[in-house]
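K.L.:
Whenever a hint applies, use it, and build me the whole structure from the sequences.
Protein sequence lines, in the order shown, are assigned to chains W and V.
Residues 874 to 1401 in this note's numbering are what the first sequence lists, from first letter to last.
Residues 874 to 1401 in this note's numbering are what the second sequence lists, from first letter to last.
These are computed hints drawn from the structure, not numbers from a lab.
Hints may contain errors.
Where chains are identical, the list cannot tell them apart; a pair therefore holds if satisfied intra-copy or between any two copies.
What the hints assert, rightly or not - Dumping the calculated EDC-like pairs for lysine to aspartate or glutamate here, alpha-carbon to alpha-carbon at most 20 Å:
| # | residue 1 | residue 2 |
| --- | --- | --- |
| 1 | K1015 | E1385 |
| 2 | K1398 | D996 |
| 3 | K1127 | D1351 |
| 4 | K1398 | E1198 |
| 5 | K1398 | D1351 |
| 6 | K1127 | D1396 |
Protein chains: 2
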Amino acid sequence: MIHAAPLTGEYFIAGERRGSGEVFHAYDPACGASIDDIGFFCSSEQDVADACAAAEAAAIPYADLPRETRAAFLDAIAANIEALGDALIERASRESGLPVARITGERGRTRGQLRLFASEVRDGQWLRLRIDHADPARTPPKPELRLRMVPLGPVAVFGASNFPLAFSTAGGDTASALAAGCPVVVKGHPAHPGTSELIAGAIVRAATDTGVPAGVFSLLSGTGNALGAALVADPRIQAVGFTGSRGGGEALMKIAAARTQPIPVYAEMSAINPVILLPEALAARGKALAAGYIGSLTLGSGQFCTNPGLVLAIESAALDAFLAEAGQLVEAQAPQTMLTAGIHAAYEKGSAALAATPEVRTIARGVHPTGPHEGRTALFSVTGADWLANAELQHEVFGAASIVVRCADRAELLAVLSALEGQLTATLHMDEADIDDARALLPVLERRVGRILANGWPTGVEVTHAVNHGGPYPATSDGRTSSVGTLAIDRFLRPVAYQDLPAALLPPELREGGQPGVLSRIDGKWTI
Amino acid sequence: MIHAAPLTGEYFIAGERRGSGEVFHAYDPACGASIDDIGFFCSSEQDVADACAAAEAAAIPYADLPRETRAAFLDAIAANIEALGDALIERASRESGLPVARITGERGRTRGQLRLFASEVRDGQWLRLRIDHADPARTPPKPELRLRMVPLGPVAVFGASNFPLAFSTAGGDTASALAAGCPVVVKGHPAHPGTSELIAGAIVRAATDTGVPAGVFSLLSGTGNALGAALVADPRIQAVGFTGSRGGGEALMKIAAARTQPIPVYAEMSAINPVILLPEALAARGKALAAGYIGSLTLGSGQFCTNPGLVLAIESAALDAFLAEAGQLVEAQAPQTMLTAGIHAAYEKGSAALAATPEVRTIARGVHPTGPHEGRTALFSVTGADWLANAELQHEVFGAASIVVRCADRAELLAVLSALEGQLTATLHMDEADIDDARALLPVLERRVGRILANGWPTGVEVTHAVNHGGPYPATSDGRTSSVGTLAIDRFLRPVAYQDLPAALLPPELREGGQPGVLSRIDGKWTI
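P.N.:
Right, dumping it as structure tokens:
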């Protein structure tokens, strides 16, 4: 059992702790005050260059390790995170304002993700092995071709404030990039520097213990945008993983596109996740839907990418009753501490702007906050015609704010859906008699969203094979990919074909008979 | 048998011929004169909007057609192209300056590609079907998730001058986008407008005959860049396929990145395709290597993306002999007509600039041209140190110009390879005794290129499953993908997950037991 080492405020370059000079402090949003136990050192541009140079130097050795070593590395990270014990939970909870129970659950998810990717590395299907045998008798002679996926190279990962464990230092982006064979340079989120340091220590120990080159992982630390900008601009970085605001994601996309060699950016940015209450379901169980809705909306103070920020229904007495019920539930909602002072301020500004919009009706607000950075739940309604006339109304307000759009009829509901930007999810609440309505909406939803749910709530994303946590722009910067589940590994791979290469030079998986247990396509036929 | 209809100079919007006002003329590069038999109408920005609106309207109906219909459509295009007979061959040869034999071969490849993608549509593996069953007993309950790939939506395809059939109106980009279920709007290359019109007629007839919505295909026609720029900027276009110059590809990337909704651009742009002559192979068979080299270099007047523009070898008497032999072969090379006046002028400028570079030695030039746009083969050499000191020397000169880099030793050869930008291919010429040298170079090549060949020549790309015609920037704009072979279909797809959706609403392939013969991943296990 490895216990958490005391925090030093240092960051990590290729396994070595480093830090001197300028520091910043962690912040406890529940108290509204800095955590003064330690200062966290700010990484410099030289640190960025050093981390990238180490990552580049490690890229080929790491990619060439046996798959089993890479899998063992991921498993060891998971075990080391577990071994950090309560010190990790307490620190992450204090830095994020998220309850201990939520952080404990998130730690389980983080370990589960790492182990899922370890299992995926062993499975090897992501190699996409393909072999086409030669045909020397053909005119012209057909060459032998063998193909596999190889890692892109060093990946920059940005920690996310709303998932200090599951989408930060050893979160989904890091796990999937390491699984793909890419070294990772993390830019830790300044909202949880102590959490990042603890997790980085767990990764560094896992690398040492499993014989993985130290350059495979670095953690940079600091406030402001210059550090991340320098990281994305570094010519050795080959891809970027980011979860955060649309503004942040778009800034990284601009930097990546302006490089001499542009690189892919996987930014999970902005969604309002429409929930459609179809007429029969609304009439049959409006009260239960209201309870489910407000429960999903207020989970974690609404700070989820999949938070239901938009509800659509057709005008009816049942909709009035639903709104009244939802309003009562909102009024009873206790305020919850938000992640950072900045997120809280943006939420206040966004919800106040909605409340001040003439055509928007405030249905209810939650209990008035007393703590320094508590978010007050906000429920609004607007007619379909007014929503369609004001594009501002589909901008995400990150937090527990949501708008119910009262559509005049089915045509207006369809018009609202058709006017939506790309989304992570859409949800249909439906009964048996709603099925034709649902069927008519599905093709429109498939064009616009990454995950379609029936009779559930979008918060809560299952980490598995058949999940997609992605969606057309601006839900993500690259709707061809998922940042959750085993599909995420594909983001960091590209194909290489080998033509007529002597067997002695082929990677082992591409030699004749070298594919035991790995899905492969041989002369066009799939075999396992 | 459908014969080629007489040319009218019209373009096609959603199956309808259209054209009035301004015209341009095709050009016969062998004669150096316009082909005055007909004027080709220039599409307007309104035509762009109309084509995109029709494509958007067709997107959902086309995606929802049975896979068999989509496959039959691709097969019918192939058959209709065949039925165009000699009229197509003659027109394409006249407009491109490429010999009849080459165009005939290219027609075979074009038909083969269409049929390969038809077969791929039937195979269905690109759907990437995944099912994770529910587990209501788990805490929290595990939802059911089902995932498939869906088409991105309308795709803009730019015809390529160097492949008037295989990478133009019904070429690889069009075939793979249509296979993925995406409507296509082609911007025809102005170097072969008659060829484009003939092929477009074949596509339109195939759509009619197989019951595919007319909006699935449009052909826009015109000169200058404004038409293509408007097409890429149109908000309904969801991806771009392009084969051409680096400048052209980068211009499209900029337009795509500046959209409100940025979209993927698949531009196949620029490569010099290093060929490495390892010492033993060079000593053993330098004469044969010289013949293979000059044959590959001058094929099609050097106008291939995979043309060997860079040869690397270590200083030796064998290298001197190789250069002497290659030089003699070059001097005997008859000039060949290049594709367009612009390409010929750029080739003249590029090869003259190389010849005028002090550290570059001109080994040989081909026979002096007599025709108006004939390219004169050019062979240069430079030392490794001089090559490393001048980044200009790795810029592609499109045509039959190539540089042999004389490296002082293995370290300098590795340094040259390490300084290379991304490439489509790299080739190793090696004997048994070269195997350790080759092994040392492979990891460096894997980081930089898309296809690695041994003892062959990079021109000639097999259209199959295990091929990759792609590579890191600037070989292509997106090194994660291939523009040739069955992998190409993935460029136009994105995942959608369905959570707890009633079976009646699921796409047929995702229903329980609905995957006969289609590769699928069920609860993590692959099955066929």
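K.L.:
Should K1398 paired with D996 be assigned to within, between, both, or neither, using CA atoms and 20 Å as the limit?
P.N.:
both (19 Å within a copy, 10 Å between copies)
K.L.:
As a check of your reading, is K1015 near E1385 (CA-CA no more than 20 Å) within one copy, between copies, both or neither?
P.N.:
Within one copy only: 18 Å inside a chain, 40 Å across chains, cut-off 20 Å.
K.L.:
At most 20 Å between C-alpha atoms: does K1127 with D1351 qualify within a copy, between copies, both, or neither?
P.N.:
Result: close both inside a copy and across copies, 14 Å intra and 16 Å inter.
K.L.:
Between the shortest in-copy and the shortest cross-copy C-alpha distance, which are at most 20 Å for K1398 and E1198: within, between, both, or neither?
P.N.:
neither (57 Å within a copy, 44 Å between copies)
K.L.:
Is the C-alpha distance from K1127 to D1396 at most 20 Å within one copy, between copies, in both cases, or in neither?
P.N.:
neither (42 Å within a copy, 39 Å between copies)
K.L.:
I want to check one pair: K1398 and D1351. Are their C-alpha atoms no more than 20 Å apart within a copy, between two copies, both, or neither?
P.N.:
neither (30 Å within a copy, 27 Å between copies)
Violated hints, listed in ascending order, are 4, 5, 6; each of the other numbered hints is respected by the structure.
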